[in-house]
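J.: What follows is the residue order along each chain.
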Amino acid sequence: MLTPLLKLLRYSDIFVVAKIAIRMHKEPKALIILKRTWGDYCLLGFRAERIATEAQPGQFIMVRSGDNLHPLLRRPISIHSVQDDTVEIFFQQAGIGTRLLGQKEKDDTLDIIGPLGKGFHLENSLQEKSVALIGGGRGIAPLYFLAHKLRNLGALPRIYYGGRTINDIPLRKKFEEEDFEILLTTDDGSFGSKGQVTDLLHVSLQDFSPIRIFACGPEAMMQKVSRIAREKNIAAEFSLEAIMGCGFGACWGCVRKLKNDTQEEWSKICEEGPVFPGEKIIWQEEEQ
Amino acid sequence: MLTPLLKLLRYSDIFVVAKIAIRMHKEPKALIILKRTWGDYCLLGFRAERIATEAQPGQFIMVRSGDNLHPLLRRPISIHSVQDDTVEIFFQQAGIGTRLLGQKEKDDTLDIIGPLGKGFHLENSLQEKSVALIGGGRGIAPLYFLAHKLRNLGALPRIYYGGRTINDIPLRKKFEEEDFEILLTTDDGSFGSKGQVTDLLHVSLQDFSPIRIFACGPEAMMQKVSRIAREKNIAAEFSLEAIMGCGFGACWGCVRKLKNDTQEEWSKICEEGPVFPGEKIIWQEEEQ
Amino acid sequence: MTDLSVDLGFLRLKNPVLTASGTFGYGVEFTPFVDLNELGGFVVKGLYFHPRPGNPPPRLVETASGLINAIGLQGIGVKRFSEEILPRLKDYDTALIVNVCGDEDEEYAAVTEYLDKQDGIAAYELNISCPNTKRDGRCPALSPDTTHAVVSLVKKTSKRPVITKLSPNVTDITEIALAAQEGGSDGLALANTFLAMAIDVETRTPKLANVFGGLSGPAIKPLTLRMVYQVAQSVQIPIVGIGGIVSGNDALEYMIAGASAIEVGTANFVDPESTKNIIRDLEAYCRKNGIQRIEQIIGTLKV
Amino acid sequence: MTDLSVDLGFLRLKNPVLTASGTFGYGVEFTPFVDLNELGGFVVKGLYFHPRPGNPPPRLVETASGLINAIGLQGIGVKRFSEEILPRLKDYDTALIVNVCGDEDEEYAAVTEYLDKQDGIAAYELNISCPNTKRDGRCPALSPDTTHAVVSLVKKTSKRPVITKLSPNVTDITEIALAAQEGGSDGLALANTFLAMAIDVETRTPKLANVFGGLSGPAIKPLTLRMVYQVAQSVQIPIVGIGGIVSGNDALEYMIAGASAIEVGTANFVDPESTKNIIRDLEAYCRKNGIQRIEQIIGTLKV
Ligand SMILES: Cc1cc2nc3c(=O)[nH]c(=O)nc-3n(C[C@H](O)[C@H](O)[C@H](O)COP(=O)(O)OP(=O)(O)OC[C@H]3O[C@@H](n4cnc5c(N)ncnc54)[C@H](O)[C@@H]3O)c2cc1C
Ligand SMILES: Cc1cc2nc3c(=O)[nH]c(=O)nc-3n(C[C@H](O)[C@H](O)[C@H](O)COP(=O)(O)OP(=O)(O)OC[C@H]3O[C@@H](n4cnc5c(N)ncnc54)[C@H](O)[C@@H]3O)c2cc1C
Ligand SMILES: Cc1cc2nc3c(=O)[nH]c(=O)nc-3n(C[C@H](O)[C@H](O)[C@H](O)COP(=O)(O)O)c2cc1C
Ligand SMILES: Cc1cc2nc3c(=O)[nH]c(=O)nc-3n(C[C@H](O)[C@H](O)[C@H](O)COP(=O)(O)O)c2cc1C
Ligand code: FES
Ligand code: FES
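Those protein sequences? They're chains A, B, C and D, same order as listed.
The numbers in the working numbering rise by one with no breaks, and the one at position 131 of the first sequence is 131.
When you read off a place in the second sequence, starting at 1, and then add 288, the result is the number in the working numbering.
When you read off a place in the third sequence, starting at 1, and then add 576, the result is the number in the working numbering.
When you read off a place in the fourth sequence, starting at 1, and then add 879, the result is the number in the working numbering.
Here chain A stands alone, though its shape is the one from the complex:
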């Protein structure tokens, strides 16, 4: 069964998907062994050995929120953390699917597919270099896994974590307890610096010089990060969101216009991303 597939792997352009495909797994009954909630936010840890072994920061899973036909589709959720055979996800209850997911309890099971997509680029050249991780709201999710990987790589990650209010930055202690350098902001000043995480980034770059920026959060936030990075000439990577039908390249539902070489093309976020270098991304206001 693998023979014809392996043949495909030589043809890179339209068969990028096959390369990913070969590494994805379905775990219809991943056992939940950990649950924590903070208001709307929820963290679930579950057993999924093959996914845990292979996952890279920035990759995601597709998860079913229930067994019935409404809601129908799986939801994309980033891999938040990986330890041994356990994967953690961290999500905000935004609508019907994530709300149902938040009702899962310890000893329930999850039906998931993963790891999917392409994660952040981690090279050895980051060793002993400062890097900045910017997370807004639920966008912090993949950055925890990333921070760990960066540290293991010998890089020096500093995390900027912002939310509307103190209730939107629930993971701050988790980072602090593990001795990560973390800067906190809230829009209303209820915790950390008052203002947006991008304001703080902007100011702090006067005396802090990361060689790479990794960002995940609301589109508007990432766009500001992109502008700042460009000004300062720092290479930046962004984890984009899109409504997804399948999560593994089969439906063409998740496209976004991206700069590929000289052309602009509809590209699949699930397969070519969700993480993209800033140069490829066309931000909304630039589009017209």
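It is worth saying that the hints were derived from the structure and are not from the lab.
Watch out, some of these pointers could steer you wrong.
[What the hints assert, rightly or not] Simulated crosslink set (BS3-like; lysine-lysine; CA at most 30 Å straight-line):
1) B:K482 to D:K969
2) A:K29 to B:K462
3) B:K317 to A:K106
4) D:K958 to A:K26
5) C:K878 to A:K257
6) D:K969 to A:K26
7) D:K1155 to A:K118
8) B:K392 to A:K106
9) A:K29 to B:K394
10) B:K406 to C:K852
11) A:K280 to D:K958
12) D:K1155 to A:K26
13) B:K323 to A:K26
14) B:K317 to C:K864
15) A:K104 to B:K323
16) B:K314 to C:K852
17) D:K1167 to A:K26
18) D:K958 to A:K259
19) C:K878 to B:K314
20) A:K118 to D:K958
21) A:K106 to B:K323
22) D:K1155 to A:K29
23) A:K129 to A:K29
24) A:K35 to B:K394
25) B:K317 to A:K35
26) A:K104 to B:K482
27) C:K590 to B:K314
28) A:K106 to B:K394
29) A:K104 to B:K317
30) B:K317 to C:K732
31) D:K958 to A:K257
We have chain A already, so just place chains B, C and D with the ligands on it with the hints.
T.: Just chains B, C and D with the ligands now, kept in the frame of chain A:
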């Protein structure tokens, strides 16, 4: 707001529904305080004071099995027992709706409407008289409440309870512990007498003379009970099932042909029943 | 306070929330749950001239987010309706709309002529689109000509405004809508149920005794919403949106697409308080978005 | 062992389970989940003559038990398909069916003529029913005449069997089915998606950039099942049933209604192993019911 409604109550024929309507309540968040399961069978007890106060044996509730749009409709479930402000239901996980219902846990809530329909006829003339209650499988559900009411009324209920195997008569201990006279059968002989509950009824009526029979169970079982009752000239009542859209007379979905006076008419099971005297019922094989 | 009232031209409703025929009985069944006076109005069960027995059971089958019904318009006829029901409904301060049915075109006219002599009716909803009748799934609303014929016949005599209820089972809904408008219809109701079926694979028989039935409920919302939008681009008369509405959001989608009012159907079974909740949610939406009169949002979709 | 194979006359399938165009990529995306050789066959993404960019996003919106898509047939065109994809698919021992699209009738014929020269294709599925194209929701499958025209044009040259995929957005599906049969179609696929829309009430804009899209998924099953049953009563050529199939039971409903094979679409996203599970469930059903050859149940609905 009640004035025009009360005026209606004088007109009985098509406005029977209004009479029932006035006594039904919606409890969107009835708190589950008790759960027991036996294989496919499940018993849930929940707080629903108004329903508990007004319910009569043979009446039912309409319950939502989940919050989403699939499954969509409420499911009809008999009132199994009532104590103070608490109502119990007993059901078999038959399909998607009842399966979801069986996943509810203590401290979850139920969205219910009730009490609905017309129950068994209980008159003072039953006092000190023997009556037979015949329950097949999940059909035992309403008979527990009925047995209690009958005992309170001073009648002498004897319960016939049958199932396919020992696993289908889980409520036997509950009746026994409360000193009800109960006869058990299983099709495969794994507990009680071997055979169908109607066989046992047939035999035992040689030396037992109830003045009333109350039955609930599979259609084929009830039909046999009906034939036996007619032979022995015992008045019998049956709790019928039908697929229901609303449960309170508004959709005309639950009809069945019944003998009303001299005519045969499509009658609403939810409103005129679910309990009917044997004379009214047209059993399937008679229909052609 | 937000003004939720909407003007259909021929009829002013205190709010856009009506109930769909056949899903709200004669209204009174719902009084334990909803104060009928709070509704924009309600449409009663389909009425033929003579009483009708309806279809044999099973009449209902649930599907994914939907319900197929083949009630077959069991009903009491105009005479009993006028004598037994109408007198008791006229005390309600809300628009009573009667859903009018017929096996032939003349029957529609006969029903409205009979009802013209009765008090307390605000308008007629011409049900030319029921898939559960003798005509075997075929009904006037499947062609512009037959639509035009019934509507113009009824309009010749009817003393009350006529809302024509269309079928979604057509290739081009705007064509039918235009025919109804030309026939003189005062408004349009979109839409009735979709012809559907379900099969029991164990017995290999249809799940409905009638074989076919009409699909309603949330499953169909994207389809009827699309039709309301298309029709709103082509006609001048007001549109009542129907199909799968269970929430204030659903109702708003229809109004933004171009409906002046909406009807709630299957949702009444799922939650008999649906209409009440939808009205509350419409009010909240207007308040939150600074909309003074809900009429301001009708047909405001930005494309 | 049960014999799950079915004979379409022009094509024998090892089992009745195919995948629906546009929901299974080029097949290879699903190899981590399903052994393609176990499928009855698979239908690849819709193919125009030239590459096409497709619609801008958002292209998807979920509805109650359904999915609206407006992908707009983003694709690589016949040349790249033949050069890059076909060579790598021909090693699979399963029927490869190509979904053929066109903006004009001539384009359909051009696509099949081009593909006729390629190896490894079992049949063409003529997609005359996509609601997401230039023609603005209008497509050949909306009228018997245009259906007949495309089908007969393609059949004039095509060296391979042609399955015509019809649109459910019509008043009388049997009329279109008969036109396709008369045009020489070897089989029918029923059906494509239902024209649909959804609105964001906060922004008052359509949820799809394309405004309209096609509804698929369990929500539509009762509607397309009904159409398969109606068409099975009127045509002689084999029918492939499509619409909302997620389980073995769903597949069986279609076959009992008269479909010789079925296609699984949206379910592939919900559970990429759906096809595998459906084949297993068909086998279990046959075993349980003592059915030796699954072909014995086709069109056996007792009414
Ligand atoms: C690659 C990827 C990784 C993600 N990782 C995380 C994560 O780690 N934690 C987290 O909280 N969220 C994450 N999201 C967002 C998450 O997928 C959405 O919040 C979720 O799908 C919403 O589903 P729902 O049923 O709760 O809401 P719905 O009721 O479906 O919709 C609520 C809102 O969410 C929007 N939405 C729906 N689907 C998506 C989608 N696929 N992506 C983005 N927005 C959507 C809707 O447009 C709507 O505005 C990620 C999204 C992507 C694409
Ligand atoms: C008045 C009344 C009282 C009832 N009381 C009880 C009770 O106390 N305990 C109990 O276990 N069951 C009771 N039932 C039966 C119960 O309602 C059905 O088992 C349930 O609705 C099936 O729903 P589901 O979603 O689990 O199954 P589905 O997946 O919907 O269907 C599974 C099977 O159940 C049948 N079914 C579906 N709806 C109904 C219905 N409304 N009535 C009967 N069969 C149906 C279907 O045709 C199918 O064969 C009662 C039914 C009625 C009408
Ligand atoms: C049980 C039932 C009975 C119905 N009876 C009628 C009727 O008598 N006349 C009519 O015009 N429509 C009838 N309909 C159609 C509804 O009025 C409405 O058009 C349809 O259900 C779609 O709306 P919904 O999705 O909100 O239910 C009936 C629908 C149901 C479910
Ligand atoms: C994302 C997506 C893309 C589709 N692309 C095509 C296509 O290219 N050609 C085609 O004929 N049908 C296409 N369809 C329609 C499906 O093949 C199928 O007819 C429809 O989805 C109904 O089946 P389902 O309910 O099982 O999904 C597409 C459907 C979806 C959801
Ligand atoms: S989500 Fe299906 S292709 Fe990306
Ligand atoms: S269930 Fe609706 S009338 Fe009986």
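J.: Against the earlier hints, flag every one the structure doesn't satisfy and list their numbers going up.
T.: The structure conflicts with hints 1, 2, 4, 13, 19, 23, 26, 30, although it agrees with all the remaining ones.
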